[in-house]
Each structure stands twice: as C-alpha cells, then as structure tokens.
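Student: One-letter residues, chain by chain:
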Amino acid sequence: MSMALLILILLVGGLLAWRSEKAQANLPRWVALATVVISLAFLLATLPQEHTGNWLQHMKLDWMPRFGIAFELAMDGVSLLLLVLTLLLGLVAIASSWSEIDFKPGLFHANLLWTLAGVCGVFLAVDLFLFFLFWEVMLIPMYLLIAIWGHENKTYAAMKFFIFTQASGLLMLLAIVVLAWQGMAINGQLSFSYSDLLGLELDPRLGWWTMLGFFLAFTVKLPAFPFHTWLPDAHTQAPTAGSVLLAGILLKTGAYGLLRFCIPLFPQASMEFAPVAMALGVAGVLYGAVLAFAQSDFKRLVAYSSVSHMGFVLLGLYAWNQLALQGAVMQMVAHGVSTAALFMLAGALQHRLHTRDMGRMGGLWHQAPRMGACAMFFAVASLGLPGLGNFVAEILVLLGLFAVQPAFTAVAALGLITAAVYSLRMLQQAFQGVPDKQRSMPDFDAREMLAMGAMMAALLWLGLYPQPVLDLARPVLEGLQTLVPPGDTVAAQAGGAAIVLGAGL
Amino acid sequence: MNVNHFHALLPLLVLATGIVVLMLQIAWKRNIGLSAALAALTLALAALSCRFAVEVAPLQVTPLLQADRFALLFCTLFCLAGAATALLSRDYIVMRGDQPGEFFLLLLLATMGACVLAYAVHLASLLLGLELLSVSLYTLIAYPNKTVLPLEAAAKYLVLSGAASATALFGFALLYAATGTLEFATLGQKLGVTDTPQSMLLPAAAMIFTGLAFKLSLVPFHLWTADVYDGAPAPVTGFLASVAKGAVFVVLLRLFLDADLFRYRILVEVTGLLAILSMLGGNLLALLQTNIKRMLAYSSIAHLGYLMIIFMVCITSADKALAVEAAIYYLIAYTATTVAAFGLLTLISADQAERENIQLQQVSGLFWRQPLPACLMLVALLSLAGIPLTAGFIAKFYLVNAAVSGHNWVLLAALVVGSSIAIYYYLRVIYYMTRRPEEHPVVQETISGWRGRILSGVLIGSILLLGVAPQSLMHYLRAILH
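Order-wise, the sequence lines are chains A and B. Under our numbering, the residue at position 228 of the first sequence is numbered 229, and the numbers go up by one with no gaps. Under our numbering, the residue at position 73 of the second sequence is numbered 76, and the numbers go up by one with no gaps.
Check each hint, because a few of them may be wrong.
[To be verified] Covered, in the sense of this in silico footprint (three residues per stretch, anywhere, with C-beta under 8 angstroms from a C-beta of chain A), are these stretches of chain B:
(1) 401-410
(2) 418-427
(3) 431-440
(4) 471-478
[Stated by the list, open to error] Listed next, with one range per pair, are the computed distances between beta-carbon atoms:
(5) Pro61(B) / Leu16(A): 41 to 47 angstroms
(6) Ser475(B) / Val13(A): 24 to 30 angstroms
(7) Leu6(A) / Leu62(B): 20 to 26 angstroms
(8) Asn294(B) / Val291(A): 41 to 47 angstroms
(9) Phe55(B) / Thr230(A): 19 to 25 angstroms
(10) Leu467(B) / Ala447(A): 38 to 44 angstroms
(11) Ile164(A) / Pro206(B): 52 to 58 angstroms
(12) Ala455(A) / Ala482(B): 55 to 61 angstroms
(13) Asn294(B) / Leu386(A): 55 to 61 angstroms
(14) Ala472(B) / Ala455(A): 48 to 54 angstroms
Just so you know, these hints were derived from the structure itself, not from any lab. Note that beta-carbon positions come from the ideal geometry of N, C-alpha and C, so glycine has one too.
Pulled out of the complex, with its shape left as it was, chain B reads as follows (with noise of 0.2 angstroms):
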C-alpha cells in the first residue's frame, strides 16, 4: 500500500473518520442537531472525495477493492443519497426515536456499506459490503422504537434478508470449491477453462442470483418488499429502495462484467425472465395499492424489473457499452426520483406521531396546502412515469434505445406494458394532490422547515436538469466505458 491507494479509498476513509468522530460526539455530549450536521458533513465530505480519487483512477487497491471511475461515480450517488436522507431524517426521527443519535451513525455506516459493494471486485469484499449495509438496515428500520410497525418489518427484513445472504455465500463456497478463486476477473478466466467442474457451478449460480435478486426484490422474490417498506421509516425506506439496490444492482452488473457471466445465456435469460415478471408483476400490484409507501414499494419492484432488461441486452446487442451505459443512467435517475419521492412522504408523515401510514388521502389537496412538496412529488412521479423533461424519461429513453440495438422485442413489450399500467397509479396520486379544497374535508397540516426546502429545491432541480440537459452526463459516461 502507498499513497495512492490511500488516494483512491478516500471516500471510504472520510466515512469512516466521519464514523468514528460521530461516535465520539454522541458518547460526549448528545445533540441531535449536531449529530445530523456531522453525518450530513461527512456524506458531503465523502461524495466530494470522490472527485479527487479520481485522479488515481483506475486502481486496484488490495485484491478487493478496485477503484475506478465506475466505483466512484456510484460512491458520489450513494454518498448524495444518504446525505439527503440525513437531511430529511432529522425532524422525522425526533418524533419516533428515544435516543436519536445513533440513526445518523448507522445511516453512515449503510452508506459506508453501499460505497464498499460500488468497489467490490472480489466475493469477500461483496459479502463484507453487503452484510455492512444490511446489518445496518436493520436496525435502521427497527429505529422508531415508539409503535411496532417497525420492529415487525425490521424482524421481517432481518429472517429474510438474512436468510438470502446465507444462500448467496453457500453459493461464493461452491463456486470456490469448483474454481478455486473469488476475484470476479480470476473467476472468469477459471470459468473460461474447460476442467471446471460444471456439476457445481449451476447451483452455486442459482444461490448467488437467488440471493442477489432478493436483495433486489425481483419477482418472485419480492414478497418481503410491500411490508418492509410499509413498516419501515419513511426516510430509511428511501434509502432502501435508492441505495440499497442501487448498491447491490451495481455490484451484480461488475460480477456478470469481470467475470463474464454473459457466456452462460441461461443465466442471462433468467434475468430476462425475471425482468417481464417484475416489470409486469410489478406495476399490476401497485395498481391494487391506496397506502402510498406500499405503491412505491411495488412501483420499485418494476423499476428494478426494467433495469434487468439490460442483462439480456448485453448479450444480444453489438453494442455492450451501451447497455451498460443505459443501466447507469437509469440508476442515477432512479436514484434521485426515489429519493424525492420519499423525502416527500417523511415531509407529510413527520407529524404524524403514533402509526405512520400514507394513504391518497393524505395527500389531498397538497397542491393548494403546500406547493413546493407537491411539486417535488409531482416531479417525482413525472419522473418515474417517465415522462419527457423528467430524469426518468432520459432514463428510459436510453433503456428503450439500448433494446431496439439488441432486437429485445418480447422484453420492449413488457416495458410498454408496465409503463401503460404504471401511468394509472402515478397519476391517481397527482389526482389526489390536485383535488380542490372542498373535496377534501380532512384538513392536515404538514411542516416543512428550511432543510426540506432546501432539499426539495435541489432534488427538483437535479431531476429537471438531468431530464433537460443530460448531454454532459452521457458524455461522462461514455468515456467512463470506452
């Protein structure tokens, strides 16, 4: 190790000093304000960071890590994503939790997790990375401590997930037993000779893709996710559903890419399959949905559905960049949409003291109420409706064009689908914050302080100029590929 591998882990170690001093700080003295300033501080400090790893891009820090600009360009999302989640945790977690410090240290150590799988290129460092953000997950949703919807979700997510982790890493000791490496790129050479033996390695897929896929909450995988993100605090489920499969979609992508998984056309044409059935499955249950968490639960589900196509993309178009590309793309916008979308919800329910639960109602009439929030969420839902001028329509856009190259009808058919049946439920939202205010004779006032302002202003801002102005991203990312 010398300093240039100490460069190019910078975000890591900035958490990590910003783990340790927070630590410090809530053992010293608590205050909330402060301890939410500090883990805010050092996601901006880490997402910042990254700019300057960069410079010793690409390097391979240790057989673990390898930092590149792949890595570090999900490092900069993930690390923005928790500090907005921080941002807007803040007045939510007072209300629920006795002791609010520790939220902020586990949020750090979610996000630690998220950075440590966008560096993974070794199954030690995946699972390092993956038990890192779960552990923390769970933990975080079992924060509020004053009802018990949480802690049955937290329980839920901890037998499920738990139990996925223990699949996938019998999975890692097969596919070690039968190639004697777990680097992704070693992996794929052993892969490529003729004397391993085949016998183990379809089941040690079936675990790894079994497990990875929970995390993903793909269908038929997905029964976990309505409850878990219904019981969970609303911030903690936005990080949920942006970084937390963000992390682990991104992982999955670099195991297929460095080890090239894609020789094995029936591994990939699993991921098709599961990619109509959630991108289908997906949106006809958020149709069924009034409670507004529950929707988005399932709306994620086919969002993820639609980022699978790119997996069977890669093998059938010429164009693999782009595949790979479009996925990018489309997390950083899902990213961002998720994240506004829940920031919402937190603004709406962080008055909400006792249960917390978002039904259509609860939004009736946001429009004349409260207009910034009812903006930010009208974008959100522009957004992941992919509608033009939105990030999610540029999202999709690329999704689509990275299809038709690789002649992906049957997949094209299943995204036309889903998108139709989606538009229903998106705008029954929008319907709800647009009704008059006579219709709507519960009246509920929401708080909304300077940081959700802030917040909401920026999240509004970076969806509308990823949707209008992308062409300096797309170039980006091109060079990131080629």
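So here's chain A without its partners, still in its complex pose (with noise of 0.2 angstroms):
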C-alpha cells in the first residue's frame, strides 16, 4: 500500500500547492518543498527489509476485471533507485525555480508535483495497462509546464513534444492489447499483468512488431536517434525546472521501460534486432556529440550531449550482459544528476543575463567565481573524469559492449573525446575570457549552492564509491538476465552492421 500513498501524496501535495496560492504567493513554493521531502522520508521509511517473492514491496488490487486489468505496483532495487532519483531531483528543481515562477506559482507547483506522482507510476507499475496510464498521464502536467511558463519558443516545442510522445505512446498502447490478447490465446485469460505476460511463446512475426511498438515508444522517450528531433526544442524552451524533470527523469523512463518491459517482454526479437537498436546507439552517441558541439545556445548544447549520453544506455541496454546493464543503469543515475545540475546553471544563467547565447557570455568566471566553479565540475563530470559517476558509467558500458560489439565498442569510445570537446567549449566560451564590464551579476546564494553542493556530492559518492548502487540494481539485473538469454546470431549480425555504420560514418 505504501507505493499508492507515495503517489497519492505527490498528487495532494500538488493539490494544496494550487490552492495555497490564495493565501500567498510564496506559500506553494514551501508546500511543495515539504510534499517532496515528505514522500521522500516516507519511501525511505517504508522500506522493507525482506524480499516479497522477486520484487521489493508489491500491491495488487482488482480493478477492471473485464479486462484482467489490476492496479498492481512493484517495486524491485532499479525502480527504487529510479524513484529516488526522481524525487531528488525534484528537490532540485523546486530549489531552482524557487525565485524564478512569478506567474501563477501555485498551479506551477502543482504540475511539477504531478510530474513526478506520473513518473513515481510509471517506475512502480507492473499492470500494463496502468503503466500506460502513467506514461500518457505524465506528459499532460509536464505539457503544461512547457506551454504555460516556457520561453519565446514554447507553443511548438510544447506541441512537439506531446505529439511525438502521444503518437509513438499510441502504437505502444496497440502493441499492449496485442500482447495482452495473444497472451489469452495462450493462457486463456486476458490479464494485463506483468508477470502473467513474461515468457509467452510469441509467434515470432507478430513478436517482432509488437516489439517494435514498444521500442519505438521507448527511444523516442529516450530518445534516441534518429526520435530525437523534440528533444532539443523541449528542453531549450522549458522552464528551468521543466528542463532539470525532462533530462534528469523523464528520459529516464524510457531507458526503464526498455529495460523492464521491451526486452524481457520480447526476448527472443529484442535479442533479433539488438544490432540496430546498438547502431542507433552509437549513432546517437557521436550525432549528438557533433551536434552539441555546433550549438552557441547553452541549453541546446547541454540538451544535445543528453542525446549523446542517453546513446550510452542504449548500447548498455542492449549489449545485455551484466556489466553493460550496470553501465546503463548507472548512467541513468549519473547523467540525471548531471545534466539537472547543467540545466540548473543554465537556468541561472538566463534569470540573471535574460539570454542563453554563449556568444554573449564570456568571462563570467571572474563576475560569478561559484557558478564558474559549478560549472567547471558538471562539464568534467558530463564529459566523463574519472572519479565520477559518469565515467564509472560508461566505463562500465564499453566494457561490456566489448565483450558482444568490439567494432561498435570503438567508434562509441569515441563518444568520450568528442564529450570533451563540447563540454571544454561550452566551458570556454561562457565562463573564460574577458568579462563584459558593464555586466554585474549575483553569484549563486546559499539556496543555489546547497542544491548544487548535494549533486556534486551524488556524483562523487557514484564516482568513488559506486557499490551500494550496484549491488542494489545486480539482483534485479540477474533476474532479469535469466528471462532473456543472449542471442548467439548477435555477434555475427552485428559486425556487419558495423562495417556498415563504419562507411557512413
């Protein structure tokens, strides 16, 4: 019960935040830094110290019982990592948004709160049909985050988003039913359950498409490419702390749903089509390095490099053996702290310059000496130092791959140069230099620091000392792993297709 109460206190968290305007227009800020802190005591709290069965807490109630759908929640070691995550995160982007909303701040909150009571669903559903109800319902306060408090550009990127999620979430919605009613024809009972659709005996044509309604939902949330053309424009126009939620967990979700239902659910055509799946990939990798790198916006450029991080999960995920997937799970960690923090500066720098262009930055280190230095660290982190989460991350991933792909090991390694090239530029040209002397511009305040000093905290602690979170998400990843057992055509398909992707590139 405890993981309904989580989502039901975000969701009257949100509730109050709204009405709490009326009373006063800074009260919604503290309602909501108190819901999040709250739920997060209270997950904390609930946590039990044994297993029930695979998973860590589990729920079911009836509910449509004319299509064996159940309101049933799980949570297993990755989804409480996820969830914890997330609602740090969301600690962050209330601190970064604190002196930004002046507009409705109240309804502001609110939609943040929902955001994260749809994203907290999405990383506890196991009812399929439950879980698309969280991924479509999610979006809906997020969208309205985009389009109510998002800048010069916000109705198309607003727009974009909605509709590329909406329309990939629909196909998924189709392969769901198809899914659910091939599991009737060979169990003999509609259910929408997880576990009762885990291990069905596709036919393998049918596999492969509904697979593919999954796969295509999932990048385009992920993104990967080439699904990743609303990334930018989202991320660039959302308010600050819609930019922190998209990069730090939404895209999160679509790693997790590939993860926990894509491959698992379609073993055998997962195992098929990896190559691709790996190809696009690596493709995101360097297309998105190349891309961010051609950027003079700050947060395009810190949008791009999500879309070449997320490569690396990708890859992680569909190398799909152990250290590969500890890769991917640790990069989805790594890079939700890191890119909320870049987000979080970018923000600040636009509240305080009214402008994103780094041609008009320059020698802001000497203006702004903690911001210079914040900046310093997430650009090293983003770009994969060693000794934070990041490289550990996509140490991890290369190595794995290595095992399964040499060839598409290589030209992803590449990924790592090109991260330094983007991250040093944007580095260079906002931060060194010689100032402009007529600009004066507050340093971060204590609020700032604090929310900045905790993430660079994360990132050292999943830099130096990675293990608590591998030894959390090992177990699930096992478990996993005995589900779908690697393809053996995978490695001769695969150095095909990298010799393909070698010519074009």
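Join these two chains into a complex; the hints should help.
Tutor: Structure follows, in structure tokens:
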C-alpha cells in the first residue's frame, strides 16, 4: 500500500500547492518542498527489509476485471533507485525555480508535483495498462509546464513534445493490447499483468511487430537517434524546473521501459533486433556530440549532450550482459544528476543575463566564481572524468559492450573524446575570456549552492564508491538476464552492421 | 396491451406527458424560466423512469418497439443529454429568440424521437423516430431568428436531410417488395431464404445505408456537417452531434444485429471503408479549422469513423459481444464528452448577441479568466483525444481491444494515424486557453450562472468517473449482452 500512498502524497501535495497560492504567493513553494521531502522520507521509512518474491514490495488491487486489469504496483532495486533519483531531482527542480516563477506559482508547483507523481507511477506499475496510463498522464502536467511557463518559442516546443510522445504512445497501446490478446490465446485468460505476460511463446513475426511498438515509444522518450528531434526544442524552451525534470527523469522512463518491458517481454525479437538498436545507440552518441558542439545556445548544447549520453544507455541495454547493464543503470542515475545540474546552471544564467547565447557570455568566472566552479565540476563530470559517476557508467557500458561488439565499442568510445570537446568549449565560451565590464550579475546564493553541493556530492559518491548502487541493481539485472538469454546470432550480425556504420561515418 | 406494456414504455409516456404539459404552460402564460425547468424536469423524470421500465424488460410492445435493457440504457443517455442541453440553452436562447418557450418543446420532441429510435425494431418505427428527430431539429437549428446564419444552416439541413430520409425510405420500400416484411427479426429470417429476389436487395441496401450514413455524417456524406454545426445554435449543435448521431447509430447497430446483415460481407466491408475515410478525412479537415465549432464538427466525423470500426470487427472477431460492448461504451463516453465540449461553447457564446462565431481567439486565456469552464473544456478535449483518466480513453481502449481481437490491422492503423493527427488540433485549443493574460489583448468576459457551474461540475465528474472507475458500467454492459 505504501507505494500507492507515495503517489497519493504527491498528487494531494500538488492540489494543496495549487490552492495555497490564494493564501500567500510564496506558500506553494514551501508546500511543494514539504511534499517532496515527506514523500522521500516516507519512501525510505517504509522500505521493507525482506523481499516478497522477486520484488521488494508488491501490491495488487482489482480494477477492471473485465479486461484482467489490476492496480498492481511493485518495487525492486532498480525502481527504488530511480524513485530516489526522481524525488531528489524534484527537490532540485523546486530549488531551481524558487525565484524564477512569478506567474501562477501555485499551478506551476502543482504541475511539477503531478509530473513527479506520474513518473513515480511509471517506475512502479507492473500492470501494462496501468503503466501506459501513468506514461501518458505524466505528459499533461509536463506539457502545461512548457506551454505556460516556457520561453519564447514554447508553443512549438510543447506541441512537438506532446505529439511525438503521444503518437508513439498510441503505438505502444496497440502493442500492449496485441500482447495481452496473444496472452489470452495462450493462457486462455485476458490479463495485462507483467508477470502473466512474461515468457509467452509468441509467433516470431507478431512478436517482432509488437516489440517494435514498445521500442518506438521508449526510444522516442529516451530519445535515441533519429527520434530525438523533439528533445532540444522541449529542453530549451521549458522553464528551468521543466528542463531539470525532463532531462533528469523523464528520459529515464524510456530507458526503464526498455529494461523492464521491451527486452524481457520479447526476448527473441529483442535479441534479433539488438544490432539495429546498438547501431542507433552508436549513431546517437556521435551525432548528439557533433550537434552539441555546433550549438551556441547553452541549453541546446546540454540538450544535445543528453542525446549523446543516452546513446550509451541504449548500447548498454542491448549489449545485455551484467557489466553493460550495470553501466546503463549507472548512466541513468549519473546522467540524471549531472544534466539536472547543468540545466539548473543554464536556468540561473538565463535568469541573470536574459540570454542563453554563449556568444554573449564570456568571462563569467570573474564575476561569478561560484557559478564558474560549479560549471567546471559538472562539465568535467559530463565528459567522463574518472572519479565521478558518469565515468563509472560509461566505462562499464564500454567494457560490457566490448565482449559483444568490439567494433561498436571502438566507435562509441570516440564519444568520450567528443564529449570533452563540446564540454570544454562550453566552459571556455561562457566562463573564460574577457568579462564584459558593464555587466554585473549576482553569484549563486546559499540555496543554489546547497542544491549544487548536494549534486556534486552525489556524483562524487557514485564515482568513488558506486558499489551500493551496483549491489542494489545487481539482483534485478540478474533476474532479468535469466529471462532473456543473450542471442547467439548477435555477434555475427553485429559485425556486418558495424562495417556499414563505419563506412557511413 | 396490458399494464406491463405501458410499464415498459414509461420513458416515452413521461416524455409525451411532459410535452403536453409544456405546451399548455406556454399557451397559458409564457415564462421562459418555467418552460426550461419543466423541460429539464420531464427529461430527468424520463431518465429516471427507465430505471423502472427495466423491471419488465425485455418486452416487445407492438411489433414496432422492443423494450430491452439496450434500448432503456440509451433512452437514459439521450434523456440526460437532453436535460443538459435544456439547462444550457436557458440563458443562451433568451438572447436570440423572440419567443423562446417553444424551443424547449421542440427539444423534448427531438429527444422523444431519439428514444423511439432506441426502441425501434421495425422499419416503420425507425422512420417515425428519425423524422420526429429530424423535423424537430430543423426548427431547433433555425430558432435564433435575429441572424441569418442559423436559417441558412437549417435550410441546408432540411434539404439534404430530407433527401437522405427519402432515399432511405425508398430503400425500405424496395426491401419490403423483396421480403414482404419490415420487422428487423423477420427480415433476417426472410433474407436467409434463398428465393428472395436478390436483384432488389443491393439497391435497397445501398439506399438505406446512404440515408443513414448521411445522418451519421460519414465521409463522403459529410459535406453538410461543418456548415450546419457552425450555423446552428451551440446547444443544439451539441445535441445534434451527440444524441441525433447516437440514436441513428444505435438503430443501425440493431438493424445489423437483429436482421443479421453481417452475413453480407460486402456491406460490412463498405462500413469499414467509410470508417477509414471518416477517420482520416474528419481528422485532416479538422486540422484546417480555426473556428472551434467547425473543428468539433469535423472531429465528430472522425469519432463516428472510430465507431464504425466495430461493424467490421463483428464479422472478424470471435467475440461479437465485445464489439457491441465497445460500441455502447464509446457512444456513452462520446455523448458525455460532446455535450461537455459544446456546453463550454454555449457558455462562451451566450453573450455574443449577434453572429455566433467562436474562434480560437475567443478562448484565449480562458484558464485565468474562467477556471471552471476552462477545466470543463480541458477535460472534454482530453477525453476526445483519448488521454487516460478520461472516458474517451477507456472508450478507445475498448475499441482497440475489439479490433485487435478481430485482427483488423488496417482499421487499427487508420485509428492510430487519425488519433495522432487529432492530438494537434485538440492541443491547440488547450494551448490557446492557457495563454497568459498579457498575450491576448481582446478580453471578453463570459457569463456563467449557477446552472452552468453545476452542470460543468457534473459533466467533469462524469467524464472522469467513466475514465477512472468504469468497472461497474462494464459489468452492466456485459450483463446486457450475455
């Protein structure tokens, strides 16, 4: 029950934040902060010590017996990890928009909390219908965040974001229903429960198409090349808190969906499809990096770097061995933190300078040394400096991938170099050089430094002592691996794909 | 006829009594408030009386009418939608008609026509219901006599709808010539016998289907829709889009089921083709509109297209009951949603005294000016777009399930493409509603009395309830069909 309560706390908190605006304009911020802190405390306080079956926690209530749909939530190590990430970044999002939002702060914070509730639902749902419901519902508050509080080109960005995810979501709905009816044909009972649909002996052709429905929805959200075009617009136009949530956690729902649903539900089709998926991953890593280098807009640069980093997640997931999978999970967490920090920084710069154009920045380090130091830290984190979380993640992915696909690994490793190029260029253009004498801007205040400091600590911890995170994820990943034996055709097919890709590049 | 028969017809009797009482009231003393209240009360009582009529169902009352739970469910739905329309029209029609009393009389007559269609199991009662509905609608559409647009719409609807009715009637005659019966069930038996003259059946089927497809405004019989919807007064448009279409669909479905027309594969394939054309055509045309009423007109074409899927599913799926169940659920969700969407337009346009013209600009920033009506529109649009937690999502989920069980991949593809297109134009309205105050210089105040408030609350509540807790209705529908 505690999982349902967690979602309920966030929903009710959103409602309270909305109404509290009437009493006092500053109250919604405090309500939102309190809600997230309470739900985080609640999550950690109700953690059980023992597993129930495969799950840490599991609950099931009948909902629509007509279709075999239940209100079924479950939590394991990976979902726990992502939940904690979600709530922590929720705090960061609230902190980052503390002084930014003047228009209807109540509704803003309500939408923020409802997005968090939707994302928590996505990470917990193990009934496919319920999962789809959360998957779609979390979009609406996010859409409103971009459409109402976004920047100059918000309409276009919000529409694009919504239509991309919604249209691909429809395909997933179709795939879910097809899968459930296939399950009905095999088990004789219509059910949307994850556990009932695992391990079905699907007709290969049908399995392939159904898998593709899931894959599309998740890779649009991830986003993987070539479905990433919504991302730079949405991230750039969203208010700071929106960008933090989008980059930090919404992208992770796509990765989570691949890990939890797409690959385990369709083991055979996924393993046959793996070379294509990995090729998309490699393409994303490099293409995202090249585009990031070409940007003059601070936020767009960070957005494209996300495409590049999420390419590693796709690679890690489809390499499907323990090292690579752990790397992928690690990347979800580390990238969530580092990108959230960079977006918070971008938001702070825009709030102070009223521009995101790096050509109009320069020499900021002199005027705002604390900001400069933070930017330095997160830029090197994002380029994969050893000792920080992103390095651990990317090196694990590459190590795991090498065992399956040496050629892809060689190409993907170039991503580490290109990351250094665009990250350092960003740092140089914005923070180094000769400062504009006319400009005066306040440095980070205590609130902002607190958020930044917490994220630095998290990345250092992930980089220096990642074992607790890996231990939490390991049993889950091992369990998933027993469901899906790695395909033996993978290596042979992949070689060909690598050559094609190499020629293309 | 015994007491039970009257018992089974209770909703129709309540409506008929209400109509007489209302007529007397208007003749005695004109009072718009009283007329509206009487109409709403009659419709509410009629809806309530279905609850009692169920006790004797199923019961055949004369060869014309069949009082079963299927019919009574739709009677309830139509009466409730009619009651909502009556409440919405009260403030609206005072501004526009010189003698608004009879408006409610006509509304009751139209609702009665829809209820007769829900009961109909005979081509004669089908025609009676259809004409009662259509003729009342011509007048309802033309009712605001201060501008020319409603008159134009009514004239258009009168001519085209009259032609469609005549076509269908000719079809009935041919069918009668071929089979010698007008009853749905007997028709089914006669058609099964091989010595029926087949040469007359094809033109008969084509004519009947054309007539009804026109009333359902399926592509390519949709050309009247946008102009009529645009010109008609907003509450009547809502009624036309929800009740009038719903009633025709119900009777068409019953005709197919009782006479087992599913045996003619070609006929069912034509419905599938029209479904695809309507889904794509309706959505593409809706994309081009900046007038919200016209946009909703085209979107209603698309929604009827989604609904038409189920005829095809009925012959391909092993589970025909699921297809019918999906259709019923979809109709209920669609009716609630459409009444809500047009309800908002009525509230907005109530004070546009002259030409009623609801452009996207008019809803700009509505969220900040009028939160409750804006929430009503938001919920209605999300439901039309099929976003979870709303009635429209469960309805679409039902349809997808039915179509998947029948392996109708082409229809499903059209549904996915159509729904993807639709997101854009629904979202555009939401975007306009959330524009910040400084971005829309034209601020236009809207009035919304307590009636509007209560009705908005009820409609929002029912759309969300149908979307979140549909299990009892699902259970009931299953019980009806098994």
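Student: Each hint should be assessed against the structure and marked as holding or not.
Tutor: Consistency of the hints with the structure:
Judged by the Cβ-Cβ criterion of 8 angstroms, the region 401-410 of chain B is covered by chain A as claimed, because 4 of its residues qualify and three suffice. Coverage of the region 418-427 of chain B by chain A holds. Counting CB-CB distances below 8 angstroms, 5 residues qualify, and the rule asks for three or more. Check on the region 431-440 of chain B: 5 of its residues sit with their Cβ under 8 angstroms from a Cβ of chain A, so the three-residue criterion for coverage holds. For the region 471-478 of chain B, the assignment as covered by chain A holds, since 4 residues bring a beta-carbon within under 8 angstroms of that chain's beta-carbons and 3 suffice.
Separation of Pro61(B) from Leu16(A) is about 46 angstroms and conforms to the stated range, judged on CB atoms against 41 to 47 angstroms. Between Ser475(B) and Val13(A) the beta carbons are some 25 angstroms apart, a value that agrees with the proposed interval 24 to 30 angstroms. One distance hint, 20 to 26 angstroms for the beta-carbon pair Leu6(A) and Leu62(B), is violated here, with the actual separation near 50 angstroms. The hinted range of 41 to 47 angstroms is satisfied by Asn294(B) and Val291(A), whose Cβ atoms lie roughly 45 angstroms apart.
Between Phe55(B) and Thr230(A), the C-beta spacing of about 59 angstroms breaks the proposed range 19 to 25 angstroms. Checking the proposed 38 to 44 angstroms range against Leu467(B) and Ala447(A) shows it holds: the Cβ atoms sit about 43 angstroms from each other. At about 45 angstroms, the CB distance of Ile164(A) to Pro206(B) disagrees with the hint of 52 to 58 angstroms. One distance hint, 55 to 61 angstroms for the beta-carbon pair Ala455(A) and Ala482(B), holds here, with the actual separation near 56 angstroms.
A hinted range of 55 to 61 angstroms for the beta carbons of Asn294(B) and Leu386(A) is consistent with their spacing of about 57 angstroms. Between Ala472(B) and Ala455(A) the beta carbons are some 41 angstroms apart, a value that contradicts the proposed interval 48 to 54 angstroms.
The structure is inconsistent with the numbered hints 7, 9, 11, 14, although it conforms to all the rest.
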